[in-house]
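Please work from the sequences and hints to get the whole structure.
Last residue of the sequence shown? That's 400 in the UniProt record's numbering, and every number before it is there in order.
Treat the hints as calculated values from the structure; they're not laboratory data.
Just to be clear, a hint being listed does not mean it is correct.
[To be verified] Simulated pairs of lysine-lysine, PhoX-like, Cα-Cα distance not exceeding 20 Å: (1) 363 / 378; (2) 208 / 261; (3) 312 / 363.
Fair warning: this is a prediction, and the values are worked out from it, not measured in the lab.
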Amino acid sequence: ALRRVKIWTPLVLLLAIVFAVVQSMRPLPAPTLDLTAEDSYTFDGSKVDIPWPAQGQAALDVDGIGTFGSSGDQKPVPIASVAKVMTAYVILREHRLDSGAVGPKIEIDQAAEDQSDAGQESTVNVTKGDKITQREALESILIASANNVARLLARWDAGSEKAFVAKMNATAEDLGMANTTYTDPSGLNNTTVSTAVDQVKLAKAAMKEPAFREVAAMMSYDDYKGHNHGNWNQLVGKNNVVGIKTGTTTSALGNLVFAAKKEIGGETRTVVGAVVRQPDAGGGILAAALDSGDQLIRAAQDALESATILKKGAVVGYVDDGLGGRTPVVATKDVKAVGWSGLKVKLTFAPDEVPHTAKAGTKVGTLTVGDGSSGAVKIPVALKADLAEPGFTDKLTRVG
Numbered sequence: 001a002l003r004r005v006k007i008w009t010p011l012v013l014l015l016a017i018v019f020a021v022v023q024s025m026r027p028l029p030a031p032t033l034d035l036t037a038e039d040s041y042t043f044d045g046s047k048v049d050i051p052w053p054a055q056g057q058a059a060l061d062v063d064g065i066g067t068f069g070s071s072g073d074q075k076p077v078p079i080a081s082v083a084k085v086m087t088a089y090v091i092l093r094e095h096r097l098d099s100g101a102v103g104p105k106i107e108i109d110q111a112a113e114d115q116s117d118a119g120q121e122s123t124v125n126v127t128k129g130d131k132i133t134q135r136e137a138l139e140s141i142l143i144a145s146a147n148n149v150a151r152l153l154a155r156w157d158a159g160s161e162k163a164f165v166a167k168m169n170a171t172a173e174d175l176g177m178a179n180t181t182y183t184d185p186s187g188l189n190n191t192t193v194s195t196a197v198d199q200v201k202l203a204k205a206a207m208k209e210p211a212f213r214e215v216a217a218m219m220s221y222d223d224y225k226g227h228n229h230g231n232w233n234q235l236v237g238k239n240n241v242v243g244i245k246t247g248t249t250t251s252a253l254g255n256l257v258f259a260a261k262k263e264i265g266g267e268t269r270t271v272v273g274a275v276v277r278q279p280d281a282g283g284g285i286l287a288a289a290l291d292s293g294d295q296l297i298r299a300a301q302d303a304l305e306s307a308t309i310l311k312k313g314a315v316v317g318y319v320d321d322g323l324g325g326r327t328p329v330v331a332t333k334d335v336k337a338v339g340w341s342g343l344k345v346k347l348t349f350a351p352d353e354v355p356h357t358a359k360a361g362t363k364v365g366t367l368t369v370g371d372g373s374s375g376a377v378k379i380p381v382a383l384k385a386d387l388a389e390p391g392f393t394d395k396l397t398r399v400g
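So this is what it looks like as structure tokens:
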């Protein structure tokens with residue numbers, strides 16, 4: 001028996017040493033960042049009373065924060081020249097324009113000249129062989145609502161209006177505009193249909209383009225022949241309204257996609273909304289759309305408030321080293337939420353590439369308050385204490 005003990009003892013010791021070496025040399029699990037703060041915050045108060053239009057459709061959001069909701073039956077209806085928002089957006093996705101840039105020259109073709117005097121349509125006067133910049137073309141469709149230039153842009157970009165319309169519909173699908181179909185680049189066709197909710201999705205995407213924002217916020221522009229064209233959206237320039245596009249026909253009635261700013265909590269927020277199919281209330285269908293939009297804008301601006309939901313230095317989570325060690329993570333500044341009474345906003349973590357070792361104060365991720373888009377509140381989070389690599393005992397005793 002003593003001989004067996006003498007034989008097995010060295011073997012057991014050898015196996016223990018091998019096990020310890022293997023355990024200590026195994027790759028460490030990747031550290032993870034875990035949120036321990038509440039994953040949502042609800043603003044005090046009852047639901048905001050929004051003055052939804054009595055007829056047609058409407059939708060109202062605040063970019064990066066959330067939605068006030070919508071009204072009316074969100075079924076596809078003609079949207080008239082509001083369709084030009086998609087025309088401009090597709091053009092800018094295909095031919096990027098930096099802030100202030102005018103872009104390439106576009107030659108006027110015979111069709112654009114012929115359509116300059118197209119009866120009851122909105123157009124601008126252009127002459128075959130002349131050239132306008134890409135920016136002026138955008139000004140003409142977003143401010144003067146020129147159908148002939150919308151079609152010109154389609155041919156310039158895609159070779160034909162049909163091919164361009166295919167791009168419009170593909171983009172609508174990408175944006176989740178499930179109830180939208182484009183059949184022309186100007187919106188004159190009654191078969192170009194959408195909903196207020198879908199148009200808000202597009203508007204929020206379009207307003208991320210600097211050239212689009214700049215043009216949509218203009219009260220007027222001068223064309224290359226020296227003619228001045230006022231913006232059909234007469235809300236622009238008042239009450240911090242910065243766009244976006246009107247659309248009216250006798251069959252589509254009054255339509256408006258709008259954007260307006262509001263300073264709140266030390267930051268600028270953008271209200272984005274749409275009203276479609278607004279009937280004449282005595283002053284015309286355009287006035288009806290503008291009045292409905294103005295009421296929604298003012299209601300949203302008045303409802304916005306700011307609340308501090310976490311103080312600078314508050315522990316919001318931990319870095320877990322995967323072997324039982326947890327290092328606290330703190331907010332690097334006060335976490336403020338912008339919203340309105342009754343709104344519930346989400347809090348989410350987006351981790352950086354978390355190292356195995358790092359000094360206190362090292363940024364390890366971002367805490368986002370809101371819907372996660374570019375307009376949401378984003379706060380860096382950092383280590384409260386040094387992050388150390390797991391010790392030998394932790395490495396030795398790990399399983400799996």
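Cross-check of the supplied hints:
A C-alpha spacing of about 13 Å is found between residue 363 and residue 378, which places the hinted pair at or below 20 Å, so the restraint holds. Of the supplied pair hints, the one linking residue 208 and residue 261 holds, its CA atoms being roughly 14 Å apart against a limit of 20 Å. Annotation: proposed proximity of residue 312 to residue 363 holds, straight-line Cα distance about 14 Å (limit 20 Å).
Of the numbered hints listed earlier, not one is contradicted by the structure.
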